[in-house]
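Trainee: Whole structure, please, built from the sequences with the hints as guidance.
With the sequence shown counted from 1, adding 15 to any position gets you this note's numbering.
In short, the hints are calculated from the structure, not lab data.
Quantities reported herein were computed from a predicted structural model and do not represent experimental measurements.
Heads up, a few of these hints could be off.
Mimicking EDC-like on lysine to aspartate or glutamate, the simulated pairs with C-alpha atoms at most 20 Å apart in a straight line are [stated by the list, open to error]:
1. K347 / D287
2. K315 / D378
3. K133 / D268
4. K236 / E252
5. K247 / D378
6. K180 / E212
7. K108 / E64
8. K148 / E329
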Amino acid sequence: MGFFSRLFGRDMPTPTPLTTNSGKRIIPEQKIEQTIPPAGDPFFTNAPEHWPVVINDFLSSNKEFSNTFDEKTGDVILRKRMFMVNSLVLIGKLNQWLLTKTSKSVENSFGSSLLESKDRFATSFCIEKVFAKGIIKTHGIVIDDYKKYAVILFDRSESIHYINKLKNYFLDEGFEDLIYYATTDPDTIKDEEKEIEFVSFDSNSFTLDDEGQKIEGEKLKEYFLWWNGEKKMTFDESDILGALKEYHTNCSDCYSYILGKLGYALKLNGDDTRVALPEYDELVVTGPENIDMVITLSKKTGINFHFRAIPAFENYRSNFIKMFAVFCNDLKQQIVEQNFERDPFFVDPSWLDRLEIVVKRNDEIYSFTLIKDFPLDPSLN
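Mentor: Structure (structure tokens):
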């Protein structure tokens, strides 16, 4: 097919051959078309066979970014930037493949773990996936024919042993698989005992939901500190009770440090300076994985997190509370080691023991909240 045929979708008439004055046909010089090879190489991957081959050419753009930040924070900021850029491009390629495959627009979210998604095909990029021990930076999530896959890009050498350890966390959360894209074949990397690289909450983990602050009445009734869930576990059997007691005990004399960091993350403060607990207040925020939650702040019960009581959020709730307990424990150790000033106001954690007794005595209590409008026990607010 000639140029015009390709351009307009139809064949053009065959042109009359050129000749010299003597009638001899002029043979035009043949031009050999050269195929330009891809700029990069295919990633090493365990992706399903029907997934597309992804070339690592976009990684070369990382070198074009200049690190102009100070020595202490520059590398951290640069890595965050690279994580976002690489996530956007890699998952963008997979989203484009799904679009071509389905001939339909496919949702591509930022930061969401797609916990509530009912779509047959969907993607999300740049996710802070919450686990009990901390956050795992996940480049993307792909839903392919209702099967959910986590996607992580390894632009530095990593062994298959480490990747498989990491995979187990995602499998336990119900993922079909952890798909890796690696610049170096993980099977060729010498196995070393290496701990999973969890990260903690940071200033980007929470966003204040300005519209959400208007949530009132019936809508707030959907948020609970605890509910028995699909496993029908009682509160005293719950896997979050121990974590709640742990962090409330650790925070009892240092809530101001925790609230200062939360206030900074929510852009309520210019820095993470200590902030005293109010008599009572509540905030609607968006946390890691784009999950909405209600935070209650009280001089009687400290800081507590409430989530919508639906099955899709049960693992998230447990992981979040346990991770927050780890975060508070680490902060308390720093306060003790550096002999920082404690809060003048002590929040007695024994309210949790009283709450446990109240719930245990009443078999009809399947959930409860500390939100002031719907208290289980008015004395707790």
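Trainee: Now tell me, hint by hint, if it's right for this structure.
Mentor: Now the hints, each set against the structure:
A distance of roughly 15 Å separates the Cα atoms of K347 and D287; the hinted pair therefore holds under the 20 Å criterion. For the hint pairing K315 with D378, the CA-to-CA distance comes to about 25 Å; that exceeds 20 Å, so the pair is violated. Our distance criterion of 20 Å between C-alpha atoms is broken by K133 and D268, whose separation comes to about 44 Å. Between K236 and E252 the alpha-carbon distance is near 24 Å, which puts this suggested pair outside the 20 Å criterion.
A C-alpha spacing of about 12 Å is found between K247 and D378, which places the hinted pair at or below 20 Å, so the restraint holds. For the hint linking K180 to E212, the alpha-carbon distance of about 11 Å falls within 20 Å, and the restraint holds. Distance restraint check for K108 and E64: the Cα-Cα separation of roughly 16 Å lies within the 20 Å cut-off, and the hinted pair is therefore satisfied. Note on K148 and E329: the hinted pairing holds, with a Cα-Cα distance of about 16 Å set against a maximum of 20 Å.
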